[in-house]
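Take the given structure of chain A and dock chain B to it, following the hints.
If you read the protein sequences in the order shown, they are chains A and B.
Counting in our numbering, the first sequence runs from 1 upward without gaps.
Counting in our numbering, the second sequence runs from 1001 upward without gaps.
Derived from the structure by calculation, the hints contain no laboratory data.
All the given hints hold, so there is nothing to weed out.
Computed list of lysine to any residue pairs in SDA-like fashion (alpha-carbon distance at most 20 angstroms, straight line): (1) B/Lys1119 - B/Asp1052; (2) B/Lys1023 - B/Gln1128; (3) B/Lys1018 - A/Ser66; (4) A/Lys90 - A/Gly54; (5) B/Lys1003 - A/Thr36; (6) B/Lys1139 - A/Asp127; (7) A/Lys18 - B/Leu1126; (8) B/Lys1139 - A/Glu8; (9) B/Lys1119 - B/Met1025; (10) B/Lys1119 - B/Glu1041; (11) A/Lys119 - A/Arg27; (12) B/Lys1035 - B/Pro1115; (13) A/Lys30 - B/Met1067; (14) A/Lys18 - B/Trp1069; (15) A/Lys123 - A/Ser39; (16) B/Lys1018 - A/Met25; (17) B/Lys1146 - A/His124; (18) A/Lys23 - A/Glu34; (19) B/Lys1022 - A/Met25; (20) B/Lys1119 - A/Glu9; (21) A/Lys18 - B/Glu1040; (22) A/Lys23 - B/Val1064.
Sample of chain B residues with no beta-carbon within 12 angstroms of chain A, all distances over it, derived: (23) Ser1033; (24) Lys1090; (25) Ile1101; (26) Ser1105.
Small disclaimer: the values here were computed from a predicted structure and weren't measured.
Positions of the beta carbon are idealized from the N, C-alpha and C atoms, including for glycine.
Protein chains: 2
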Amino acid sequence: MDKNELNEEEMQLWYMWKNTFKKIMDRVVKEMSEKTGLSEEGDFGVLVRLVDLGNGELRQQELVESMEWTKSRLSHHLTRMEQRGLVLRKPLDTGNGVQVIITSSGKSAVDASRPIYAKAVHKHFLDQLTDQDIELITKLAERVDKMS
Amino acid sequence: MDKNELNEEEMQLWYMWKNTFKKIMDRVVKEMSEKTGLSEEGDFGVLVRLVDLGNGELRQQELVESMEWTKSRLSHHLTRMEQRGLVLRKPLDTGNGVQVIITSSGKSAVDASRPIYAKAVHKHFLDQLTDQDIELITKLAERVDKMS
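Okay, chain A solo, but in the shape it has when bound:
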């Protein structure tokens, strides 16, 4: 097997895999944004973390680590969420870092969105999987983790 080339079959598998991921994500994201007005990764991801990991608030640095976004991408995103009234930001008393706090309208948005998100993930992802798929996804994740 020549590793400097991708034959037709290999290329097809790579594109198939990328397209399957993209299609499933697009469907979940579309359903979320149409029904809740929140983006899946950014808005919902931030709000859920604030509630579930921080009981309503987290340091910005903790969000960066949990979301695996760059500092600057998260910072820009939080500015927009602040403008929309979903979160507040306050400098920490220690003078070192920023606290991100969910507002009551952020809390309502995430509460209303959870069942919609769950339904979308069931419909577009979980319901598509066989038991064997679940086992293979788990094993592949382990192999890929070991590589890092």
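Structure of chain B alone, referenced to chain A:
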């Protein structure tokens, strides 16, 4: 099973799957950009399509369809690629649409990048798959396609 909720196991599977995809893509993209200076999806994707589908040139609309990008995203990206000397754009004689043409330096870049891309896809994706995984990816792609 309550479809308005994601239990711990379901949530874990969803994140595991998203993270596996993200890790593999990040590794391929990083290797591409470090070793070739081209982005995987945008730069390399455009140049490969121009050569493989169009023998060096395609209508911008054909690129839009093949890449499944929005018109405006592709247009901005092509502007940057044009500035870097990788492609040229010319209005079509019919006055309707734009032709995108690979330059000789775009051609050199894609030729030099192909084996690097192939190696990265082998290392980070194909080499991680068992025969069972390949079957799963193929079947899942079929099921997901049918849903659309």
